[in-house]
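Number of protein chains: 2
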Amino acid sequence: MIDLAQLSDEAGRARIIISGVRPEIEHGRFAVKRTVGEKVAVEADIFTDGHDAVAAVVLYRYEQEAHWRLAPLHALGNDRWRGQFLVTKLGRYRYTLRAWIDRFASWREGVHKKLVAGQDVSVELLMGARLLGEASFRAAAEDAAVLEEWASLLRDAPETVLAQHGLEVLPAEVVQLMAKYPDQRFAVTYDKELLVTVDRERARFSAWYELFPRSCAPEPGRHGSFKDCEARLPYIAAMGFDVVYLPPIHPIGRTHRKGKNNTLAASPDDPGSPWAIGAAEGGHTAIHPQLGALEDFRHFIAQARTYGIEVAMDLAFQCSPDHPYVREHPEWFRHRPDGSIQYAENPPKQYQDVYPLDFETNEWRALWEELRRVTCFWIDQGVRIFRVDNPHTKPFHFWAWLIETIKQRYPEVIFLAEAFTRPKVMRYLAQLGFTQSYTYFTWRNTKDELTHYFTELTKTDMQEYFRPHVWPNTPDILSEYLQLGGRPAFIVRLVLAATLSANYGIYGPAFELCEHRARERGSEEYLNSEKYEIRHWNLHQPESLKDIIARINAIRRDNPALQQNQYLSFHPVENPQLLCYSKTDESRANVILVVVNLDPHHTHAGWVELALDELGLDARQTYQVHDLLGDARYLWQGARNYVELNPQVAPAHIFRIRRHLRTERDFDYYM
Amino acid sequence: MIDLAQLSDEAGRARIIISGVRPEIEHGRFAVKRTVGEKVAVEADIFTDGHDAVAAVVLYRYEQEAHWRLAPLHALGNDRWRGQFLVTKLGRYRYTLRAWIDRFASWREGVHKKLVAGQDVSVELLMGARLLGEASFRAAAEDAAVLEEWASLLRDAPETVLAQHGLEVLPAEVVQLMAKYPDQRFAVTYDKELLVTVDRERARFSAWYELFPRSCAPEPGRHGSFKDCEARLPYIAAMGFDVVYLPPIHPIGRTHRKGKNNTLAASPDDPGSPWAIGAAEGGHTAIHPQLGALEDFRHFIAQARTYGIEVAMDLAFQCSPDHPYVREHPEWFRHRPDGSIQYAENPPKQYQDVYPLDFETNEWRALWEELRRVTCFWIDQGVRIFRVDNPHTKPFHFWAWLIETIKQRYPEVIFLAEAFTRPKVMRYLAQLGFTQSYTYFTWRNTKDELTHYFTELTKTDMQEYFRPHVWPNTPDILSEYLQLGGRPAFIVRLVLAATLSANYGIYGPAFELCEHRARERGSEEYLNSEKYEIRHWNLHQPESLKDIIARINAIRRDNPALQQNQYLSFHPVENPQLLCYSKTDESRANVILVVVNLDPHHTHAGWVELALDELGLDARQTYQVHDLLGDARYLWQGARNYVELNPQVAPAHIFRIRRHLRTERDFDYYM
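Chain order of the listed sequences is Y and D.
The first sequence begins at 9 in my numbering and counts up by one.
The second sequence begins at 9 in my numbering and counts up by one.
Hint data in this document are derived by calculation from the structure and do not stem from the laboratory.
Note that the coordinates shown come from a computational prediction; the quantities given were computed from them, not determined experimentally.
Please note: incorrect hints may appear among the correct ones.
Put simply, identical chains are the same to the list, so a pair is met inside one copy or across any two.
No more than 30 Å apart at the CA atoms, straight line, and that leaves these computed lysine-lysine pairs for DSS-like [unchecked claim]:
no., residue 1, residue 2
1, K432, K188
2, K432, K467
3, K47, K432
4, K455, K188
5, K200, K268
6, K357, K235
7, K200, K432
8, K122, K432
9, K121, K357
10, K268, K121
11, K268, K467
12, K235, K455
13, K467, K235
14, K200, K47
15, K268, K554
16, K455, K200
17, K121, K554
18, K554, K467
19, K467, K97
20, K121, K200
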């Protein structure tokens with residue numbers, strides 16, 4: 009109920025509506041995401057009653073700074089306005105909008121129309137003098153003098169002013185001065201302050217390599233260590249990866265330990281799943297003794313850094329029955345009527361080797377604090393990237409709190425949500441703060457599926473908060489496409505991952521060695537999965553994709569178009585097995601065009617049909633497409649061009665488009 | 009920044025997210041609209057972490073009542089939920105949502121799956137006993153006894169329970185009892201209470217007739233009066249209208265009075281525009297002396313009521329230079345530097361006979377109160393419907409306040425927004441509270457235009473708050489289509505208005521007498537417009553549409569399908585001049601199918617293609633279409649059927665579809 013007495017003098021006379029603001033996530037509760045140096049484009053419906061002109065700005069500030077900065081908003085038509093600002097610092101920004109009736113612009117427009125219609129404007133010029141006079145009180149001293157002078161002229165010598173400036177009435181410098189000192193008495197500020205989380209570049213653009221440290225020993229049969237991982241760094245760096253992600257490195261429980269191929273009965277020398285965290289040797293802040301000591305881990309991180317590689321850690325908040333928490337904090341677990349602790353289950357599946365934490369415990373505050381302490385412990389060791397295991401099985405509010413409080417102290421930290429779950433849950437986890445998110449890419453194989461999914465990721469509000477991180481394989485997922493498609497299938501999925509998404513990763517060496525054996529027909533689990541045993545890989549197999557991977561990662565580094573997802577665009581090809589898409593940078597100086605044959609078995613050909621405008625191409629001019637994968641160059645003209653891809657030779661082109669080819673017209677003497 | 013110490017024990021363990029609630033207008037600031045007896049369907053995304061089952065309800069209450077009522081929400085899939093409730097009283101309702109983890113449902117599902125998989129469930133049955141035992145504490149005495157009994161059985165005789173109920177574990181009555189006493193410890197309530205404005209039926213379904221009282225005298229040359237209007241009532245009632253809307257009935261200013269055809273120089277006996285309100289005789293609460301006295305107006309209202317007709321008044325908040333406010337409240341007007349008062353203008357157009365009120369005045373509170381006093385004055389005379397003139401030239405907050413505070417005391421009052429302006433302004437006026445809204449219908453003539461516009465009005469969020477009120481003509485708008493299309497054009501626009509929209513009106517007698525003369529070529533203004541002179545109409549012209557109008561209004565009254573817009577659906581016809589659409593009531597018991605020939609000059613024919621499913625028709629059965637306009641009946645079968653419309657005979661069909669025609673199979677002895 010609106011009580012007139014309680015409405016302020018300003019609110020009662022505020023005539024502007026600001027509505028439909030974009031971006032705005034969950035009514036402004038959550039932040040949009042950017043990286044340092046990116047811009048935030050803001051749109052809103054802004055309008056007033058009647059015919060008055062409106063002026064509007066975006067207000068924005070780095071959260072720790074008190075002072076708002078301004079960026080202008082421009083009318084797009086249909087009462088929609090748009091403006092933008094740059095974010096230049098790690099951390100959080102706030103933004104909102106302000107708009108007001110632009111009396112001076114309304115006045116200028118009215119006078120102009122009356123002059124055109126030959127009407128008398130003598131009273132209008134007096135009104136103009138009044139507006140200038142009022143503005144002079146808001147102006148800095150020297151500006152005030154100019155405004156006062158023009159106010160006097162309008163008042164005392166209107167004919168002279170009209171004779172000099174005609175339909176414009178006043179010179180441009182006076183108009184600019186007036187814009188500098190608007191009358192904001194009844195200005196309206198949008199009722200919410202919206203948030204931007206600004207991450208570092210690696211949050212937007214990264215190539216991850218996942219490997220099991222225990223499988224890194226050079227000789228078969230030995231448990232690998234961080235030292236062995238260090239020896240593997242040159243190999244990983246040569247492929248061009250910039251993040252190495254390790255599954256949990258903690259002591260592994262013995263009770264109900266799983267055997268090879270996820271069998272219930274482990275033999276005494278089975279190493280167990282690294283996700284069954286905690287044993288007599290310690291829990292989430294301890295290191296598996298066979299991997300090394302804490303110093304060895306820190307040394308590994310430092311060594312990786314010399315290769316430009318960052319180490320990402322797994323945050324898997326769950327416990328083996330042997331975890332110290334089980335003894336020290338029984339109140340953090342759910343107890344069954346028979347006195348036992350409730351293990352993880354998704355009936356009829358049972359995971360007796362894992363106890364989930366009970367977030368409904370009365371001691372939830374202590375639990376939250378402890379899990380944050382764990383996270384900070386690893387930050388103290390130098391870790392700045394966390395891959396979070398199954399975040400969708402812990403409460404949303406916990407993650408929002410953890411990520412926000414951690415990022416307030418360490419804004420450079422990256423959290424990747426490993427949630428393969430329902431669409432709304434995945435979106436919400438991204439909204440509440442996860443820096444990057446796993447996707448459905450692994451199960452999107454056909455042209456329709458890929459086009460539809462990546463259009464959703466890049467052309468809806470999702471692009472404001474959901475940073476896709478795509479994986480052709482993971483230790484849990486060997487897709488049917490990879491099982492059955494042979495080496496060409498691995499190349500297809502690699503090219504798609506690396507060019508459709510600025511963040512991608514592979515689980516190696518299984519991927520580059522084209523490991524395709526599943527545990528059984530119809531299963532996506534690896535045969536002899538590293539989750540349950542130590543594997544020894546022959547990295548020098550001639551089949552290895554390492555050179556192609558290196559080439560593709562180099563292409564990504566050289567081409568800004570591939571370092572973000574905003575300017576992704578699909579182009580029609582008649583053949584349903586051929587997928588064609590382009591990516592450009594914001595300026596369209598860098599244009600990458602990808603054509604992939606999705607059929608790993610047969611050669612396919614077809615005519616691509618490019619949206620030339622989007623690519624900044626002139627329909628009348630020849631342009632060169634340079635295949636950065638195979639190094640071939642072709643001259644194309646117009647929208648329709650022929651492609652043919654034999655998967656045994658190369659299942660994809662990654663073209664760089666070079667626009668302006670020289671012709672005879674470029675020579676001086678051609679004229 | 010989230011402070012853990014400040015998070016309550018409930019909030020910290022709340023695991024449910026409620027988001028994407030529909031309907032929700034402007035973040036819940038404004039109300040959706042319904043009429044008494046309608047339902048409100050509510051949808052939301054509701055989900056939790058992990059695998060637990062969720063239960064959810066809509067909470068709703070009449071605003072004056074403290075007690076929330078519950079309506080269940082059902083899962084639609086993809087974490088979307090839907091429920092509904094009925095609104096049965098005039099005024100405002102509130103609604104919100106509540107959801108919780110359904111521990112009992114999760115338990116039942118788990119036990120069921122384990123039983124199917126042949127797993128041991130002995131501990132699970134003890135857990136079930138615990139859940140039943142806990143519920144018994146929340147239950148009423150006799151329910152508690154039942155729950156306790158079953159808890160004991162599960163604890164002490166699990167084999168017996170399993171043997172009796174198998175995979176269901178527990179009998180249906182226990183499951184129902186458990187649903188009655190859910191564990192809502194960590195229930196989450198949506199953080200906003202949303203609003204429903206409930207109007208009376210006439211807000212949703214009405215047929216308006218606009219006329220100038222001063223033109224109602226039976227003989228030419230005399231100024232009409234309310235008495236003359238009373239004599240006109242049988243004529244209006246015979247056509248089937250239920251609202252008579254009068255342009256302003258107040259004294260008219262003399263200063264700068266406009267002459268015939270909007271000329272600047274009025275002759276002494278020109279009556280002036282009724283919208284130039286206020287003279288020596290009084291302002292917004294006075295009545296034009298030649299129309300009669302206040303008692304005459306009240307008598308007219310009472311007489312109209314006996315015909316089932318309500319009188320709608322014009323609220324035009326603006327003043328002639330002679331209005332008493334100008335003298336008594338100069339502070340409510342804007343003053344120009346030469347001392348004169350600012351008249352209305354939209355440069356280069358000038359309206360010297362109208363002074364707008366200055367809503368930016370320091371005395372805005374007094375101004376708002378006075379305008380509300382004016383509104384209440386007419387409510388006191390018995391007026392309950394206001395057509396608001398140009399609401400888009402007064403501040404939005406003023407309208408929100410006026411409408412909300414008036415409707416709190418008089419929830420039966422209807423405000424129609426006469427705003428022909430930009431789309432977002434029109435939508436916002438509807439959102440902030442106007443009961444009905446003028447539309448762009450007048451300028452939507454082609455099949456594409458009509459289809460697109462009415463799809464927007466009825467199939468987007470607009471249908472929650474924007475009630476279209478469509479007019480084929482108004483005193484300001486004689487569309488080109490009517491100017492050039494002859495009598496068939498008038499019938500076409502009448503049929504479209506009366507069947508596309510549940511609320512429609514005509515400005516008569518200009519409309520039924522097919523007045524089509526414009527002031528000049530290219531203008532939409534009437535020649536000899538009643539806005540500036542008194543007209544005398546020959547109501548008994550043989551051309552008059554009054555009988556067709558009567559027929560159409562009768563069809564509207566007889567068919568619930570035409571009394572709302574929710575179930576409007578367009579059906580393809582190959583001929584671009586033929587428009588085909590259907591309307592049904594919610595139950596689809598009443599189905600109306602309209603086919604209109606939009607070309608007023610030529611006969612057109614084509615095959616309509618009906619969406620049989622939407623109309624509840626069986627593709628294999630013959631159905632009858634009964635033309636309620638011409639009374640012809642046709643037997644149709646399947647989706648494609650032939651229509652042919654000669655505009656000189658009848659430019660439209662308004663079919664009622666009768667489904668179940670008897671066949672030999674309906675006879676008992678057929679078997």
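Hints versus structure:
no.: 1; hint: K432 / K188; in the structure: between (45 Å within a copy, 29 Å between copies)
no.: 2; hint: K432 / K467; in the structure: both (17 Å within a copy, 24 Å between copies)
no.: 3; hint: K47 / K432; in the structure: both (27 Å within a copy, 27 Å between copies)
no.: 4; hint: K455 / K188; in the structure: neither (53 Å within a copy, 49 Å between copies)
no.: 5; hint: K200 / K268; in the structure: neither (55 Å within a copy, 52 Å between copies)
no.: 6; hint: K357 / K235; in the structure: neither (37 Å within a copy, 85 Å between copies)
no.: 7; hint: K200 / K432; in the structure: both (24 Å within a copy, 20 Å between copies)
no.: 8; hint: K122 / K432; in the structure: between (56 Å within a copy, 28 Å between copies)
no.: 9; hint: K121 / K357; in the structure: between (77 Å within a copy, 9 Å between copies)
no.: 10; hint: K268 / K121; in the structure: between (85 Å within a copy, 27 Å between copies)
no.: 11; hint: K268 / K467; in the structure: neither (44 Å within a copy, 57 Å between copies)
no.: 12; hint: K235 / K455; in the structure: neither (43 Å within a copy, 75 Å between copies)
no.: 13; hint: K467 / K235; in the structure: neither (44 Å within a copy, 64 Å between copies)
no.: 14; hint: K200 / K47; in the structure: within (20 Å within a copy, 32 Å between copies)
no.: 15; hint: K268 / K554; in the structure: within (28 Å within a copy, 88 Å between copies)
no.: 16; hint: K455 / K200; in the structure: neither (41 Å within a copy, 42 Å between copies)
no.: 17; hint: K121 / K554; in the structure: neither (70 Å within a copy, 45 Å between copies)
no.: 18; hint: K554 / K467; in the structure: neither (33 Å within a copy, 54 Å between copies)
no.: 19; hint: K467 / K97; in the structure: within (26 Å within a copy, 44 Å between copies)
no.: 20; hint: K121 / K200; in the structure: neither (38 Å within a copy, 47 Å between copies)
Hints 4, 5, 6, 11, 12, 13, 16, 17, 18 and 20 from the list above are not met by this structure, while the remaining hints are.
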